[in-house]
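Fit chain C to the known structure of chain B by using the hints.
Going down the list, the protein sequences come from chains B and C. According to numbering that gives the first Met the number 0, the residues represented by the first sequence are 0 to 468, in order. According to numbering that gives the first Met the number 0, the residues represented by the second sequence are 0 to 671, in order.
No wet-lab data here; the hints were simulated from the structure. Among these hints, one or two may not hold up.
Short derived list, chain C residues pointing at chain B, Cβ under 8 angstroms [as the list claims (entries may be wrong)]: (1) Thr210; (2) Thr232; (3) Val265; (4) Gly267; (5) Ser314; (6) Gln576; (7) Ser583; (8) Asp593.
Ideal placement from N, C-alpha and C gives every residue a C-beta, glycine not left out.
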Amino acid sequence: MYSEDKFKKFVTKNPHPHKTFFNRPHWTRRQFFEVLGSGVTASYLATQARADESGTATQAVTTINKAKNCIFILLTGAPSHTDTFDLKVVNGVTPANFKASAINGLQWPTGLLPNLAAQLPNVAIVRSMRAWALVHSLAQTWTQIGRNPAAALGNIAPNIGSVVAIEKDSQRLPGQVFPTFLALNSPSGVGPGYFPATYAPFRINNPSGTGVPDTTNTLGQTRFDTMYSRLQQLDGTLRSSAPYGQELSDYDAFYKAAKGLTYNPTVTSAFSYLAADSMRYGGSAFGNACLIAKQTLAANQGTRFVQISFGSWDMHQDIYGQQNAKGNNLYTMGAPFDTGLAALLADLKASGQLDQTLVVVAGEFGRTVGALSAAGGRDHYVQQSILFAGAGIKGGRALGATNSDGADTTDFGWSRQRYVRPEDVEATIYSAMGIDWTTVRHDDPFGRGFEYVPFSGSDLYGPINELWT
Amino acid sequence: MKKTTVSRNELQGPVRRKSPVAGLFAAGVGALVLAGGLFGIARSDDQQLTVSHPECVFFLPKGSRNPTNNTTPDGAEQFGLSNVTEQVARLLSAAPEDTAAAAGLPSVPGGSRTGSLQSPASNTIDKYIFQAISDAGVTPAPATTDFEFIRRATLDLTGRIPTVDRINSFVGDSSSDKRSKLVDELIAKPEWLDKWVAFFADLYQNNSRNTQIPRYIQGVTAFNTYIRTSLETNKPYDQLAREMIGAQGSNSYTQGELNFIVGGVVTGGPVQDVWDQQTVNTVDTFLGISHLNCLLCHNGRGHLDALSLWGAQTSRTQAWGMASFLARTQTRNTPTAGAVNGNPYYWSLEDNVRYKTDYPLNTTTGNRPPRQPVGTQTTVAPAYIFTGEVPKPGEDQRAAFGRIMTADFQFARATVNYMWEYFFGIGLVNPSNQFDPLRLDPDNPPSGCATGAPCTLQPSNPRLLNALAQDFINSKYDLKALMRVIVNSRSYQLSSRYNGTWNPQWQNLYARKFVRRLWAEEIHDAIVQSSNVVPTYTNAAWGPVSWAMQLPEPSNTPGGTITAFLDAFLRGNRDDQPRRSDGSISQGLSLMNDSFVMTRMRSNGPATSLLVKNLSLPDAQLVDTLFMNVLSRHPSSTEMSQALANLQTNRSQEAENLLWSLFNKVDFVFNY
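Chain B on its own, in the form it takes in the complex:
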């Protein structure tokens, strides 16, 4: 625990460069001379140019930059880590049909999650993660924005996916029609914060396999085209020779993009699937979302970040389904999760996409360990595990380890020698995608300065680089 203590001491005693945001230099003296010492490189100039353009500043870090895309799976309700990713067999408690086995040294419930067992070579499990909060809504928001929702700018902070969208916007190619940030089955997910709606999650709930909702018209394509041309015609004179004001560029752009999605075969094919494929992914809403995620990324139409939410894992009662096998328990949730995620990883691997796609799977916290509660369930708890796959991470292993009952970390498993926090996961995603996680934007509504990862300028949080070593 020494280093976690050190972390706390650092936070307490030496937490920040101690300049307020408005007079904090974009570059510290040290960094400036480091850069000078290594020569003014092209990347420095690029960083500087970008900083000037968009009013951002960074600490000029080196990113992993191996992930073109990211699929972020939020297991809402928080799964029991000691029944799944950090399996601890408790005598008389853990069901025998979990079939606990060691796969390359990884304890795994091969009975509960059999298909994922086969994908473990692609998966790295970080078992030293700890949540900050044990309230679902608070912790889920925390996980999606990578910061305390009750901290400064926390409640106008964008979703991690929106940060990816604004960062990757300039890489969009002409003709790409998909939104950069796609949110599947996440109707209550965090939005774009203070960013414009352009970078908001494009939400699709329970993708039905027949395309994107509202991209076809009940009257058919021909009629749609006619109606659209009638609309253009009505405004035509004004558009070409308006007496008042400038071109309606912003509003028009949204309509043109919407038109671009409508009756677009690329959209239809990426958001449709065969029944057989759907079955292979488990035929569940979660499985279908995984399938759509794979297809949209393969289509290369501009989508870079896909969030999928899947719950509820909030099993305070009857977690093993001993009273009601069909209730909300580890089997009824585990089966669609196992089938869907395993098929996703297998397909990404087979197509070569996995190498350029970071897959992150986590709940908002963990659950109590050891014996079950009186209600036969597990309650909220801070210790948790998180899964990573793809983008060149080294799979088939666990980083970090917990004690015998899974209540606390015994080995942090990474160089910072402390618990992994949601802020670190956020930094890991940004680094993997080539985004400087120390970026500070100065375009927030109050000019306060928005750090992509809080305190990252003082290196309080950072990527889990050990995933790649």
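Just chain C now, kept in the frame of chain B:
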């Protein structure tokens, strides 16, 4: 009984619950936040001065306040509202008298724009606005036509578009006071209540669940009912504020006004965190001063220097004096009779029962930096931060807080500024919850400020703001009277079109009217009203309702696909997602293809629907009827001739095409 807040410490082992009350955790009660380590304070000689980091304020642009009015992340749009108005105005047809119309561009048959305007001298707003416009040497936009005015005022006041009958009777009315009579009529309508319940529920963040705690739908409904009753009786706004700030009682499901203070509950820290947030919410909502939030973590000096003169010279100890008004308050929850695992529950607010002392300085953990004794002082007594005023002997502290706060001139100033922001698009002080009390007095402007400090008067028209606030006080805080003054003003009745070249720098002169993208609920209700295809939404907890403005809250209502339609227009969640007016791809898709629209433009719909009922009219009348019902105006000659030409073949289909086009036109989506 479960306490609202649980003292928290980093746990050494798992949480184990003995009884089957596990669901309580799911409800967010008794929950733990373990972020304390992050918020440690650096011990120093002057403990409340130095903090571990400058993270401070929530800076939440809440309610209908739009964070993107003036800036966007790329920093390009310094004058966003002005620019959007320019873009929308481009697609508005001219009025007959305009130079553009004279040049042969399409114009809309207009109605009077002059005979019914109020004299500028009689209206506080006009006196200051036209003086400012004139001082700047700018020519203001022309006045609205009758058609433009009735649509604008009806939408702004009632959230609906006007009926065709009322448009015709209004335009045909030749009396000189017809605009003010219309305003009175609109303010008396039940739709006015629907709209302003929603407006204030946005402002007060009335939701069934925020990031920290649930109110449940029962609490939301009770709060809405309280707001509705208050508006219905035209309760003086200062009285409403005092009732909400001082509310005590046992059940938030039956006593709606409790729900405002309840919304400040913060989990995972000491009770001071709760008092702080409740104070912050109160001061933000009723005084428009969100920087108090910063000051409840640390002194302003070194943090707020560039943002607020007042904030920069105010200390955390002074802020504690403000929060101390809440320090006798216990916010507690009780499971309902039929609760399962403790859910659902209602809230109570009780003063002087559990907490009977001044604000104690005894915390080391939680969501804010530690509160430790200052010298020998271990508690902080209530003292109004701007004047030092204290409760009277025997007076309940929260009642005193409400009394002192509503007697503060800033209370009136902040309230009229919120109203101004809604009706004019951008506050006289903007953002409307960022008031700097030291930069408001035009007779005593800031001077000799430190380098980098804001040293200009903050309101774009300080004398107008003060005069409007004084009028509001003189009217005994009459919201309806305030709305009358605003909507009857010539300033409000300026056109959004501008003859000649507009300079975005004129935004703060209000020399033209800025457009407003309709709320999600308004778009829904305009489509329902104009198509006359009326849905019914219902739920175990509320309804049935047919109008989106009557939904209890914007989150997850009314269910089904219509939820996604409404969400596309960014109605927010009254918590971490404010209502906003951006455009988006989803909005285009929804208006073009969503079944909500498609079932309302068909010629084979219900017999009473707009299109079916009028399909047998002669072509020109049909076209005019569709325009009047949907866009509240006649078609321009160009629009008419195009529509008539199209109707010559496949008439029913072309009528559908026309109706569909009208729902998708820019001037349908905006209040201009």
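(message) So, as I understand it, the hint says Val265/C touches chain B; can you test that by seeing if any CB pair is closer than 8 angstroms?
(response) holds (7 angstroms)
(message) Take the shortest C-beta to C-beta distance between Gly267/C and chain B; is it under 8 angstroms?
(response) holds (6 angstroms)
(message) Does the closest beta carbon of chain B sit nearer than 8 angstroms to the beta carbon of Gln576/C?
(response) holds (5 angstroms)
(message) Does Ser314/C hold up as a contact with chain B if the rule is Cβ-Cβ below 8 angstroms?
(response) Violated. Min distance 16 angstroms.
(request) Would you check whether Thr210/C satisfies its interface hint, that is, whether its CB is within less than 8 angstroms of any CB in chain B? (result) Where the cut-off is 8 angstroms and the nearest Cβ of chain B is about 5 angstroms from Thr210/C, the hint holds.
(request) Tell me if Ser583/C is really an interface residue toward chain B, meaning its C-beta lies closer than 8 angstroms to one of theirs. (result) holds (4 angstroms)
(message) Thr232/C was flagged as interface toward chain B. Is the shortest Cβ-Cβ separation under 8 angstroms?
(response) With a minimum Cβ separation of about 34 angstroms from chain B (threshold 8 angstroms), the hint on Thr232/C is violated.
(request) Under 8 angstroms, Cβ to Cβ, is where Asp593/C needs to be relative to chain B, so tell me if that hint holds or is violated. (result) The hint holds - Asp593/C has a Cβ within 8 angstroms of chain B, the shortest such distance being about 5 angstroms.
Hint compliance for this structure: hints 2, 5 are broken, all remaining hints hold.
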